[in-house]
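Novice: Take the given structure of chain A and dock chain B to it, following the hints.
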Amino acid sequence: AQSVAQPEDQVNVAEGNPLTVKCTYSVSGNPYLFWYVQYPNRGLQFLLKYITGDNLVKGSYGFEAEFNKSQTSFHLKKPSALVSDSALYFCAPGVHGGSQGNLIFGKGTKLSVKP
Amino acid sequence: NAGVTQTPKFQVLKTGQSMTLQCAQDMNHEYMSWYRQDPGMGLRLIHYSVGAGITDQGEVPNGYNVSRSTTEDFPLRLLSAAPSQTSVYFCASGLSSGTENSPLHFGNGTRLTVT
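In order, the protein sequence lines correspond to chains A and B. Here my numbering is used: the first residue of the first sequence is 1, the next is one more, and so on. Here my numbering is used: the first residue of the second sequence is 1, the next is one more, and so on.
A couple of the hints might just be wrong.
Stated by the list, open to error - Derived lysine-lysine pairs resembling DSBU-like cross-links, with alpha carbons at most 30 Å apart:
(1) Lys107/A with Lys69/A
(2) Lys9/B with Lys107/A
(3) Lys9/B with Lys110/A
(4) Lys14/B with Lys107/A
What the hints assert, rightly or not - Stretch by stretch, here's where chain B covers chain A in the computed footprint (C-beta under 8 Å, at least three residues):
(5) 44 to 55
(6) 106 to 114
Keep in mind that the hints were calculated from the coordinates and are not lab data. Here the structure is a predicted model, which means the values were calculated and not measured. We treat Cβ as the ideally placed atom computed from N, Cα and C, and that holds for glycine.
For reference, chain A alone in the conformation it holds in the complex (with noise of 0.2 Å):
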């Protein structure tokens, strides 16, 4: 069974600073994973993912992401946050070869850049 976990409801940083918004998954196969940003207001957008390859997977907006397998996580950061960046994240793991109906959401990770 599949699972996926964002132990922060919320995450506070200031404009400037690093931050990290946190995602472990469990997944039975090799995985693959995606975030998600949710502005107010709006459906999820696409922010990045990680298929194989290189560990360190850049996005949008200047995010990026880290897989590691070993302790099966994948931690969005971005080296310095922007009031613009307050929004909601979700982290989504599937299976390779899943169908995108196995494709499964995290609870959520509420992000607030304070200037």
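Specialist: Coordinates of chain B only, in the frame set by chain A:
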């Protein structure tokens, strides 16, 4: 580009009423799905479809019906609304094949209140 279009944006129903949430995409995506988003619960899959004429149940299908007569449209029907169906509903679409390479595209949601 319209992407994924959901209508209506807001809806209030009385218990026992029926309604259909509309979803249309113009990207020729084979895969379409419906999620509901509730506070603290993340996104939960209701139903999905991998092509016209093919539908399947997700994690929380009870109380909802779907059909897929065309590639473009994937309506979600509530036959007898209940207060527990108060939620924000998102439609998403993507490529069916090579799921790990195909992020989902989301609509902006329908906020449904059942009184």
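Novice: All hints, please: hold or fail.
Specialist: Against the structure, the hints:
With a C-alpha separation of about 21 Å, the suggested pair Lys107/A and Lys69/A falls inside the 30 Å cut-off, and the hint holds. Only pairs whose Cα atoms come within 30 Å are accepted, and Lys9/B paired with Lys107/A is accepted, the gap being roughly 23 Å. With a C-alpha separation of about 23 Å, the suggested pairing of Lys9/B with Lys110/A holds against the 30 Å cut-off. Proposed proximity of Lys14/B and Lys107/A is supported: the alpha carbons are some 28 Å apart, at most 30 Å.
Only residues whose C-beta sits within less than 8 Å of a C-beta in chain B count toward coverage, and the segment 44 to 55 of chain A has 5 of them, enough to reach three; the restraint holds. With a threshold of 8 Å between beta carbons, the proposed coverage of the segment 106 to 114 of chain A by chain B holds, since 3 of its residues qualify and at least three are required.
Violation of the numbered hints given earlier is absent; every hint is satisfied by the structure.
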